[in-house]
Amino acid sequence: MRVDASVPAIQLLGVSQRFGDYVAIQGVNLEARAGEFVAVVGPTGCGKSTVLNIVAGLRPPTEGEVRIFGEPLSGLNRLAGYLFQADSLFPWKTALGNVMLGLLLRGEGEAAAREQARAWLAKVGLAGFENHYPHQLSGGMKKRVAIAQVLILRPKILLMDEPFGALDVQTRQLMENELLALWQEDKKTVLFVTHDLEEAIALADRVVVFSAGPASRIVGDFKVELPRPRDVAEVRLTEDFLKIHREIWSLLREEVMRAHAR
Amino acid sequence: MRARVRTLQALLLLFLVLGWEFSVRIGWVDAFFFSKPSDIAARIAEWFRSGEIYGHLWITLWETLLAFAIGTVFGVAMGLWLALAPTASAVLDPFIKAMNSIPRVILAPIFTLWFGLGVASKVALGVTLVFFVAFFNTYQGIKEVNPVVLANARMLGASGRELLRHVYLPSAASWIFSSLRTSIGFAVIGAVVGEYLGAAKGLGYLISQAEGVFDTTGVFAGMVVLAVFVVLLDWAVSRVEARLLVWRPEPGREGGTV
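Here the protein sequences come in this chain order: A and B.
Residues 1 to 262 (the numbering used here) are what the first sequence spells out, left to right.
Residues 1001 to 1258 (the numbering used here) are what the second sequence spells out, left to right.
Treat each hint with caution, since some may be false.
[Unchecked claim] Take a look, some chain A residues computed to stay more than 10 Å from chain B by CB distance:
id, residue
1, Asn29
2, Glu36
3, Leu58
4, Leu76
5, Arg78
6, Asp87
7, Lys93
8, Thr94
9, Gly102
10, Ala127
11, Leu153
12, Met175
13, Leu182
14, Trp183
15, Gly220
16, Arg246
[To be verified] Label-pair distances were calculated between CB atoms; the ranges are:
id, chain 1, residue 1, chain 2, residue 2, range
17, A, Glu71, B, Ala1069, 30 to 38 Å
18, A, Glu71, B, Arg1161, 26 to 34 Å
19, A, Glu198, B, Arg1243, 46 to 54 Å
20, B, Val1148, A, Gly14, 51 to 59 Å
21, B, Met1099, A, Ala86, 33 to 41 Å
22, B, Val1148, A, Gly125, 20 to 28 Å
Hints listed in this document are in silico derivations from the structure and should not be mistaken for laboratory results.
Cβ atoms here follow ideal geometry from the backbone N, Cα and C, with glycine treated the same way.
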């Protein structure tokens, strides 16, 4: 399937989400071009995850419309893969079983699915761990399995909810670089939620800033024109990075302060 | 550590048995009411040598297994259904609580009336006990499914039956298995109490017969056979459980290597 480059991969039009009386996000308009890596930052509790769940189709918005490659979204978003913040692996399946599940659910044959899953585990550096259960793997390894589990289905859109938040700094930078390398291969559209501004700038083409909740909305939208391929550790030390960081932080800081004042 | 515990257990058992034996021999307690270990052992040996016990054992085992199987199948099915159908669950909730509050022993005479003195009435009694254990554990297991894992399965393309197979059932499995250990005990209780209150065969009948003629040795011998019988069944279930739940982390060993 060739996608028309002029049609945005993700388009939110006046989207609001309420949980009972609580308004999580209000009047959000957001676009991501096909192949664009968009990071969403904002203070804790600003409804960033809500946006991902809406794009994933896990929860329809209370108001507004979601379009995926121009088509209105109803039900689950079949073009999206979702990398969750918390552990999302099936603890009763081995690493291999976890990675091949999506293929089996799509009707792929057992043998073919196994073969592909093996290749993907090798690709994320886990060859030899096929028969390990999640509880036998470290945090970073579990994230790698989760990444393989999602990417094996070749989603056009990748939704990531602070996927590396629970990892230590070294593992985290390693995983960020690996993610960029994987993304560079076929340039999926990525919506990456994080509260870490440095991570957002290091990874993304664009950084979108949400205001403090409740009733969060988008208060800033910044282009990150740092050259690719990037190394997430090195790019942080460049003058351009610091300049963008200062610019976005001056906006984000106000929102963080407001969130804390509540 | 393990060997030490085993040694202490053996010593404790020896102490209790010898203490009992000698208390009777030197006349501290009356053998008429308490019998004594040597007599009980002799009685058990006699039962097995004459082959008299096998018929009773077999009947009790059969009743236990039937009650266990039927109660578990219905309990798990009902637990699945109600956990996944909130309306039905809300409607049936008071009925289930009411039924579960009935002391099962008082059902035994009715079941004897309905199903006769044979195997069926004991199985029915066991089923009423096993069903609720399996039901509540399955229900709880399904309710405690990790919502993130569930959302992940849906994003990977699972729906309906596939969610049941890949998420709900495996997730509830550890609950269901812990219920099986309890259930097998309840199935034995159902069978033995049923036999005790009216039967022509079985361990419960054996004990009740002995009691009828003030044969305390026979009562204690029946209890010992029954206890060993339950321990063996429980061991069998736990072996099956260990085989099927290999994915579960051992307590305190979560994390693995970096």
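Please check whether the beta-carbon of A/Gly102 is more than 10 Å away from every beta-carbon in chain B. Non-interface label fails for A/Gly102: nearest chain B Cβ at 4 Å, not farther than 10 Å.
Looking only at beta-carbon atoms, does the pair B/Val1148, A/Gly14 fall within the given range of 51 to 59 Å? violated, 29 Å
Between the beta carbons of A/Glu71 and B/Ala1069, is the distance compatible with 30 to 38 Å? violated, 51 Å
Is the nearest CB of chain B more than 10 Å from the CB of A/Lys93? violated, 7 Å
Test the statement that A/Arg246 is away from the interface with chain B: the closest C-beta pair must be farther apart than 10 Å. The claim stands: A/Arg246 keeps its Cβ more than 10 Å from every Cβ of chain B (closest is about 36 Å).
Outcome of range test on Cβ distance (B/Val1148, A/Gly125; 20 to 28 Å): With Cβ atoms ~24 Å apart, the hint holds.
Chain B versus A/Glu36 - minimum CB to CB distance exceeding 10 Å, so not interface: holds, 21 Å
Cβ separation check - A/Asn29 to all of chain B, threshold 10 Å: Given a closest Cβ separation of 24 Å, the condition holds.
CB of B/Met1099 to CB of A/Ala86, is that within 33 to 41 Å? holds, 38 Å
Could you check that no beta carbon of chain B comes within 10 Å of the beta carbon of A/Arg78? The claim breaks: A/Arg78 does not keep its Cβ more than 10 Å from every Cβ of chain B (closest is about 8 Å).
Taking the shortest Cβ-to-Cβ distance between A/Thr94 and chain B, state whether it exceeds 10 Å. violated, 8 Å
Separation of A/Leu153 from chain B, once the least beta-carbon distance is taken, above 10 Å: violated, 7 Å
Checked against the numbered hints above, the structure violates hints 3, 4, 5, 6, 7, 8, 9, 11, 17, 20; every other hint is satisfied.
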